[in-house]
Amino acid sequence: MRHLLSIADLSATQAIQILDTAEELSRVSDGPMKKLPTLRGRTIVNLFAEDSTRTRISFEAAAKRLSADVINFSAKGSSVSKGESLKDTAQTLQAMGADAVIIRHSASGAAQRLADSQWMTGSVINAGDGTHEHPSQALLDAFTIRKNLVRGGNDLTGIRVAIVGDIIHSRVARSNVLLLTKLGAHVTLVAPPTLLPAGVESWPVTVAYDFDSVIADVDVVMMLRIQLERMSEMFFPNVREYSHYFGLNRDRLKMMRPNAIVMHPGPMNRGLEITADSADSARSVILQQVTNGVTVRMAILYLLLAGSQESGAQV
Amino acid sequence: MTTSYVIKGAVLPHGAKSDIAIADGLITQMAPDLNIPGATVVNAANAIVLPGLVDLHTHLREPGKEDAETVLSGSQAGVRGGYVALSAMANTSPVADTAGVVEQVFRLGQIAGLLDVFPIGAVTKGLEGLELAEIGAMADSAARVRVFSDDGHCVFDPLVMRRALEYVKKFDGVIAQHAQEPRLTQGSQMNEGFVSSQLGLKGWPAIAEEAIIARDVLLADHVQARLHICHLTTAGGVEIIRWAKQRGIQVTAEVTPHHLLLTDELARSYDPVYKVNPPLRTESDVMALREALADGTIDIVATDHAPHPAESKECEWQEASFGMLGLETALSIINKTMVETKLMDWSGVAERMSITPARIARYENHGREIAVGAPANLTVMNPTKTYRVDRDLVASRSRNTPFHGMELPGVVLATFFNGKLSFESKQP
Chain A
99 MRHLLSIADL SATQAIQILD TAEELSRVSD GPMKKLPTLR GRTIVNLFAE
149 DSTRTRISFE AAAKRLSADV INFSAKGSSV SKGESLKDTA QTLQAMGADA
199 VIIRHSASGA AQRLADSQWM TGSVINAGDG THEHPSQALL DAFTIRKNLV
249 RGGNDLTGIR VAIVGDIIHS RVARSNVLLL TKLGAHVTLV APPTLLPAGV
299 ESWPVTVAYD FDSVIADVDV VMMLRIQLER MSEMFFPNVR EYSHYFGLNR
349 DRLKMMRPNA IVMHPGPMNR GLEITADSAD SARSVILQQV TNGVTVRMAI
399 LYLLLAGSQE SGAQV
Chain B
215 MTTSYVIKGA VLPHGAKSDI AIADGLITQM APDLNIPGAT VVNAANAIVL
265 PGLVDLHTHL REPGKEDAET VLSGSQAGVR GGYVALSAMA NTSPVADTAG
315 VVEQVFRLGQ IAGLLDVFPI GAVTKGLEGL ELAEIGAMAD SAARVRVFSD
365 DGHCVFDPLV MRRALEYVKK FDGVIAQHAQ EPRLTQGSQM NEGFVSSQLG
415 LKGWPAIAEE AIIARDVLLA DHVQARLHIC HLTTAGGVEI IRWAKQRGIQ
465 VTAEVTPHHL LLTDELARSY DPVYKVNPPL RTESDVMALR EALADGTIDI
515 VATDHAPHPA ESKECEWQEA SFGMLGLETA LSIINKTMVE TKLMDWSGVA
565 ERMSITPARI ARYENHGREI AVGAPANLTV MNPTKTYRVD RDLVASRSRN
615 TPFHGMELPG VVLATFFNGK LSFESKQP
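Protein chains in written order, with this note's numbering: chain A, 99 to 413; chain B, 215 to 642.
It cannot be assumed that every hint is accurate.
A few chain B positions that, by computed beta-carbon distances, are all more than 12 Å from chain A [said to hold, decoys possible]:
hint: 1; residue: I250
hint: 2; residue: A351
hint: 3; residue: G401
In the DSSO-like style, the derived pairs of lysine-lysine whose C-alpha atoms are separated by at most 27 Å in a straight line are [unchecked claim]:
hint: 4; chain 1: A; residue 1: K185; chain 2: B; residue 2: K279
hint: 5; chain 1: B; residue 1: K383; chain 2: B; residue 2: K459
hint: 6; chain 1: A; residue 1: K185; chain 2: B; residue 2: K383
hint: 7; chain 1: B; residue 1: K599; chain 2: B; residue 2: K556
Derived by calculation from the structure, the hints in this document are not laboratory data. Even glycine gets a Cβ: it sits at the ideal position worked out from N, Cα and C.
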């Protein structure tokens, strides 16, 4: 496997291999000497054609801990925002000798376009494409769930996860539905009908409109960010009503199972989809997600790039 | 005397075999084993002869986007596909909303001289949907426009649509509607359904097409006017047209070759060569469209030939332009989807691709039965010979064919336009 474009391309075995590799790498991260020489001399480009400081610095930290050279190419003030085509950008990066491109882009499918075209030959890692997928986020989420809730197994069999909020626009939800179900978890999507995509009835999930009927039965509550700029499209009457029905607050926190955890991919709208006390509660693993993000991304880079010069890289 | 031809060994649409002699632009004789001294022989053994194909929906891009297509290059693509008449859509730059622009396009067609180019006039000024364009002036111009369409945009305002339908009755015109409810399709990228839900591409729901079709057949009924529905794509739309025809409403409908063959599954590649408006739908829609074309609910095949330069397709899906090439492959796709599947015979193909489109648009010299005395507008094709579509070998200036690499049955051997050989296949 040369690229990481979509969770759909991964087998369960490959996904578990990434999680297991991250587990091993986390021991390095926890130790005094955080850096490995594995990707010395390799050039990794962070091509961020959409704002995302968190994901960019997470990948940057991961690449640097593997001793790769990292070039940050962000859209603000760069050619992508000046109307240069993705093709020209890709060819430019190719000409500069990029071994891998980590791409964040507002267009669904942008990472796959990059990988399928003849514009560049390096590995492509999807760091979020439009409303399609965000595979590294799902992998770090699965890693975090496994670490917190799974004893004596390497997948997520039997774990019940509720993903709550703006499903229709969420690449995090799409990648997580694919990955968590692939690893044996049961996923319930909780959202108003307006924020569920047409066709969701064919997804391998349960759909619920009533958060309260779900929350007491799940091991994981994964809250999604509501994007206020979409408010004009009338997905719900107003923010207060949304928070009332779909927000995670103190009352709902009390309904959760004893060991159940709260997750959020960030950045949070505190007070909208999640109250501050929920985000900061003992159940919250939101900061663990950030920490795990670096090790999972190290594992992705390691498996895609280490040794790829000879063998074409196996995941 | 102009060059005369004899087409040898051809099979007519209804299955009879006859040689066809052509002189002075007309069919002069039809009989088995014609020998005409001095006539150029066109060997049509194993070939079908159809009345020359007529396209009611073509984007020729001139004036304004000559890098994508010109009237000449579009004409060259047309004759290769067996066409003798094209209908140039109005969304050029400037828009074909005045007599001046339609006459310019019409004249460019005459200069190219390979087939008839009949301009379609815009329904509204600038395709903006607000005020009627100079419909009467376009109808009275040298281009004698009879078909009006804002294609690419829906004539959304019901009052504007009503007035347009009524107004063109004055000269027996027809409004060709691009049925797309604009509010339900803001930012839409592909068919709304399971595939779009997975790909994270914004859906274009079938209802957005069907709601406008339903409204417009009721309007056409109310004002007793002629309505034509462009590029029907949904099973639900077929049901509405079927209902309207049973009520005696004067509605006709077209389907494109690509909607008869391709589905939204192709969007999984994120390759914008599959991005088209209206979008590729599901397998069940494709089957409903085929049945409807076979039973006559859908009257005609129209290509919606939509050339785009490379940079409009070599990009992210959501940045790419909508549209695909169609002229050069249409007949072989109808052969594959309708004839080889036994849904339709060759007289059905003649009806749907020549006779009926010419009748809808009132193109008087076209769509005539193949008979002595008729204008020699003919398409000769070998239905069993196959070819591989190669986007680098198309006559069009653009390469955005979704059929690249496909093996298709049916090779056009020759096209006759007003008695002249406008295209002859170089293959043996």
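Hints, verified against the model:
no.: 1; hint: I250; in the structure: 54 Å, holds
no.: 2; hint: A351; in the structure: 39 Å, holds
no.: 3; hint: G401; in the structure: 10 Å, violated
no.: 4; hint: A/K185 to B/K279; in the structure: 22 Å, holds
no.: 5; hint: B/K383 to B/K459; in the structure: 19 Å, holds
no.: 6; hint: A/K185 to B/K383; in the structure: 50 Å, violated
no.: 7; hint: B/K599 to B/K556; in the structure: 17 Å, holds
Checked against the numbered hints above, the structure breaks hints 3 and 6 and satisfies the rest.
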